[in-house]
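With chain Y held as given, fit chains U and H onto it using these hints.
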Amino acid sequence: MSTRLANGGRRIDRTRPVEFRFNGKRLKGFEGDTLASALLANDQMMMGRSFKYHRPRGVVASGSEEPNALFNMGEGGKFEPNQRATTTELFDGLSVTSQNHWPSLEFDVGVLNNYAARFLPAGFYYKTFMFPRPAWKHVFEPFIRQSAGLGRAPDKETLDADTYEHFYFFADVVVVGGGVAGLQAAKTAALSGAKVLIMEQDPHWGGRAMVDGEPEEGFVQRLVGELEGMDNVTMRRRMMGAGVYDHGYLLGYERLRDHAPMLAGPRHRLWRIRAGQIITATGAIERPLSFAGNDIPGVMLAGAVRDYIAEYGVSPGDRVAVVTNNDDAYRTAIAVKKAGLEVPVIVDARAGGGGELAREARGMGIRVENGKAIAKVTGGKRVKSVKLCAQAGEGAVLEEVACDAVAMSGGWSPVVHLWSHCGGKLVWDEAEAMFRPDESRPPLNQNGAGFVRCAGAANGALDLGAGLADADAAGKGAAEAAGFKARGDTLPDLAQDDALPIEPVWMMPQGAGPKLRMKAWLDYQNDVKVSDVQLAAREGYESVEHTKRYTTLGMATDQGKLSNINGLAILSDTLGQAIPQTGTTTFRPPYTPISMASIAGEARGEIFQPVRRTPMHAWHEANGAHWEPVGHWRRPYCYLKGEETPHEAVSREIRATRASLGLLDASTLGKLIVKGPDAGKFLDMLYTNMMSTLKPGRCRYGLMCSENGFLSDDGVVVRLDEDSFLCHTTTGGAERIHGHMEEWLQTEWWDWQVHVVNATEQWAQVGVVGPNSRKVLEKLGGDVDISKDGLSFMGYTSGKLGEFDARIFRIAFAGELSYEVAVPASQGRALWDALWDAGEEFGVTPYGTEAMHVMRAEKGFIMIGDETDGTVIPQDLGLHWAISKKKEDYIGKRAQERTFMQSSDRWQLVGLETVDGSVIPDGAYAVAEGENANGQRNVQGRVTSTYYSPTLDRGIAMGLVHKGPERMGEVIDFPGTDGTIYKAKIVDAVFYDPEGEKQNV
Amino acid sequence: MRRYSAFAVAREAARYHTGWERAWRSPEPKKKYDVIIVGAGGHGLATAFYLGKNHGITNVAVLEKGWLGGGNTGRNTTIIRSNYLQDPSAALYEKARSLYETMSQDLNYNVMFSPRGVIMLAQTEHEVRGYKRTAHANALQGVQTEFIGPERVKQLVPIINLEGPRYPVLGGLWQARAGTARHDAVAWGYARACSDMGMDIIQQCEVTGVRSEGGKVTGVDTTRGAIDCDKLGMVVAGNSGPLAEMAGFRLPIESVALQALVSEPIKPCMDVVVMANTVHGYMSQSDKGEMVIGGGTDGYNNYTQRGAFHHIEETVRALVETFPMVSRLKMLRQWGGIVDVTGDRSPIIGKTPLGNCFINAGWGTGGFKTIPGGGWATAELIAKGEPGPLAAEFGMERFIEGRFIDESVAAGVAH
Amino acid sequence: MLILECPCCGVTGEETEFHGGGEAHLKRFGPGSADTDFENYLFMRENPKGVHLERWRHVNGCGKWFHVARCTVTLEIFGSYSAQTLEPPQEIKDAISAKRPGWSWRDFS
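Chains as they are written, first to last, in this note's numbering: chain Y, 1 to 1001; chain U, 1002 to 1416; chain H, 1417 to 1525.
Simulated from the structure, these hints should not be mistaken for lab results.
All of these numbers come straight from a predicted model, not from anything done at the bench.
There's no promise every hint is true.
Derived EDC-like pairs (lysine to aspartate or glutamate); straight-line CA-CA distance at most 20 Å [unchecked claim]: (1) Y:K137 - U:E1164; (2) Y:K156 - U:E1246; (3) H:K1480 - Y:E748; (4) Y:K137 - U:E1402; (5) U:K1066 - Y:D785; (6) Y:K695 - Y:D837; (7) Y:K893 - U:E1402; (8) Y:K156 - U:E1152; (9) H:K1480 - Y:E743; (10) H:K1465 - U:E1207; (11) H:K1465 - U:E1246; (12) Y:K156 - U:D1272.
With the rest of the complex left out, here is chain Y (with noise of 0.2 Å):
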């Protein structure tokens, strides 16, 4: 059984028990436990279910290479599935529930599944499920989809209770990792005096020379000590590196509050790293072995198995059986040992056995077996039992030796993912059995040079004291690329390890046949076996890419950390290739999982998207605002009072309007000044109509297309003096129109003498609108005069507006006697309530942006984005008159003559008018007979705007038709999506007041 020792365990505090819940039951523990060493102190070695056949499984690792143990975390707005065991720190009231199993960890019934692992090979489901077809819509998919998944999806109403955050951190050099190596490297390149951050993702600083031995005693703290004395250090615990990106971008994933959720403050902080060099200082990985039953709980890392001894006091077993290819799985020997606990064999593959580890180990009374393997492990939920064999020979069994656990060492891979990222090379170093970054091909920053370096283990440097030197030159070659003085540290002399080389072992025993090679897992959470890499290869998925596709394997969320060297190396021996011919899989970021909510930052509800608010926002609101988002502004749709409806409410807001006076808030049209010697010629190329000759206190209509001869913007120019101009923009358009503008001043015409200003939000401007809108304003007093004759249709004045800085247009888009009121913003919504109290006696109505296009639509006037969409050309619309003939050149011109463009086949604008007054739904097309040749129907034209119009009490819309002006009278059939059929007839655009009297009084 597993259990607590009665001695050891570096990071926990005897004196300070936890109390956790697993499955509900209460369990004790210690403060520097992690949940995988306090599970396994209390003798809970089987920690979930894999994720294909269901098999239960144990805590392989120590580390966040951990496969296996991943719970259910949490409760409500806590909750996080797959939370890993191994890299959960534990605390009091810490709460769990294992995962992938129905009904229970102990009894599930996807089991069955495993019953069935013959039948189910790499990639099964692609040959079958087939038949009948909706059967796999209906059956068998969601079936699948039950029976995988891995942790509980949190509930579907769940908030996030937790706070996260973004930090911006700009170094010369970055060190990710905080073992000797990483110490070391950050070290030498600080005291260059570069700026250096370096990260460690444990709460702890030493990496595995905490456990397998420091160059010299207190190394690690006199180090972590010396760093933390130098003012251009920084350095962060709790802090994965998760992602290297182009140019020397690094994500930083720090857990603030995942040990300790009673504190204050973000749960998660992401690190928005600029280093102008990189050191990845990640170490390495062990591989486990492939032999059959390999995945039985209590078959262990050797590594994590004096992890668990060491750090944290636990016993993964009484007697520990010992499997390697390498020198360095004797230490775990030789620890379980030294913790009073039995090792009955040491089995290690290589016929010529081990180097001086092994002369200790066998000093120590440990049965040693060199040349041998494991030919099998026996046991379901627990180890029993080693089933031993030659490894050279094909595993006919020598002898059975009882165990209750089994440490097992493939040799170790360098953790090359950051190295790898932003495309770092690897290459394949024969002697050592790995993959290691090859130095000379890095991945490379905006300069061309390379910007990441590696350090120790992570560089392949597996021996401490060859670790150490490769960190000090990294260290000082990073500050140097990095534009500093630097030179090497001195070091504590090592001497070499005096170990035998690790002999590749990818499968044990080597000659296993196919039904040991069914139970030799490679990929322990996705249940991929030697066999189902076979079959791949058998099959013609010969890339790497396709293995790992067919498989899945390494696409579990422990992303092939552990499986990925051993099944590429399975692969390129059924292929018979070498294995860097085979090549690997593309490392992706991040390292480890990182919460989304880290990501997403501080961006969420209210300030996910900010909302841009007018002066007179406050009293939108106040006064019953039904919103509408436009742009990143919202805008009242209507103002709803009392039990209206929003339809009654845009009808009452309209004839009060046509009746008397309406206000509109339009301070969200874009404003932008145009101004120079040069500004009337620029306009003349900017819109389609002349505007170098408007008069300067005179307003003109302008119609904007892009290069490409689509119209898209629209807008009143008004002429403020003989050199400026100001520009109205649609609410949405005013920093595109604004960034247009200097696009076309700065790369196209830049000898032109033009400057533009964006000033929308520097003006507040109310549409006061209706037959009594003079009346009002009058009543303000001032010394603008607003007369009829003072101020005509498409005048412009300025002046004193009662107390208000006026600037007054006088426009109609709602076709009555109207002017807009502009002021300066800090005015705005004292002119709104001065305008609401003054027109108090004419029954003011504030309307929204509905009522502002449905009495558009009644006068006919285009409105972009509905009569527009990005495929319609002036000419579509009729604005014939809006276009300049006089021109030589304005911006789409060119475009518009095209054949297309000049085609008399192109859908134009016409009124639409019901027959029966109904109202035609949005967006319906007008059908033509016959269908294309793709069997669609054929259609003639289709709706852009449609309106209950209470002015006309009927339904009114635009529409472009098929030579449609050239139809007037003509009723043609707009199939609604209900069934029923509109039957519209073609008419002027202009539904109201065609001749213009009302706005010209």
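Same frame as chain Y, but now just chains U and H:
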């Protein structure tokens, strides 16, 4: 070709699956083919398949510089839908969708087409009108879609937040017969079927030059030697620009990065595909349980198959806003692909300035969903030398005439 | 995530400060020009694998447009220069040549 079935699997189980044959052959290139297709992605393989199946042309080689299905076919978010606005697009995408429905049976390879339905959320009045328009257009195009209200959206997507503080969900365009498929399987299934027809799929074979005589293509130079052909199909997505340059013409195409990501797998919580164009993000749940997430393209020419992280941030923000529970999940993996985007963001299927050389390119973010339709139309084009009705509007000449196929009218986001 | 230098204000900034504007040195063809010239100007693109000359705007900064010489395969930046020019200045060409001898882009090399 040995048929795949549950019985075959059972039979093989008895002998530890040692009897399975290769899904596709790995032949040496011949000296000459009737047709060479460059690019063994989904569209290239589908083109070859329909050349054989519909037109009886089987002396075909499909050349691939890497591994088949290794480009955008194997790195997209697998959404299949045909709720397009413009007639030519709707015809092509609906043809593709309908072919997906029977693809597993047609290819005897389970591509796991899952007609689970796609919703495109309407979150502004403008989007409501746009999607209602699409629904009307689709009804006349023979594409089954409907505009649904917020209650129905919530019913279909229980994890959605209807009353987002920023953009309330006002409804959505629902295509019940849209869905997803297993992307790799589509390439593999076509490859197996092509190989079975006697076609040669030649991987690790990069085209280095296009040879021509008298304005007509005669063959290609490759890293595995020169190969002659009567007709050439260029179906290489993001690499179209460089290949066209070899053939001596330019394209109205730019190649940019498009990124995607997946969460860790969780038990089923979302049965349909949801696209939220106002906030720029979309999400579905794979059969494995991962939430598959995508957004818009990066904004500059790029051949690295990597993107910038701030786009990932934008997409995740959008999805956390739309589906708040996503906040408690973790990102497992992010990746990028190179998409070829044309001047009107619609694809090109047509003739090129070089005789007997045809192109299928410019799918931008819509390539996967059209694989069978694009292949069908391109095969017809190559076989007959002239486009059929499906491809008729997609020729390059539309850029000179100003006759665009603009889908951004309805929804301007990647998918 | 690129780092770019704005030649107008001298700021070296994050990609998020800038907005890509596509191919540089396009010659505008207006009314009366040939159909193919206009099509080339508006749609046909170099889209090279390698050295590219392109436009950027310092949109969240000084607001100015400028040009960048960049490699689309490695994302290496060779230099940035004024948008108010018809061709890349000699020092930019030299900087590219130093890294990519024999390069050419449209008529420039």
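Checklist entry - Which numbered hints are broken by the structure, listed smallest first? => result The structure breaks hints 1, 2, 4, 5, 6; every other hint is satisfied.
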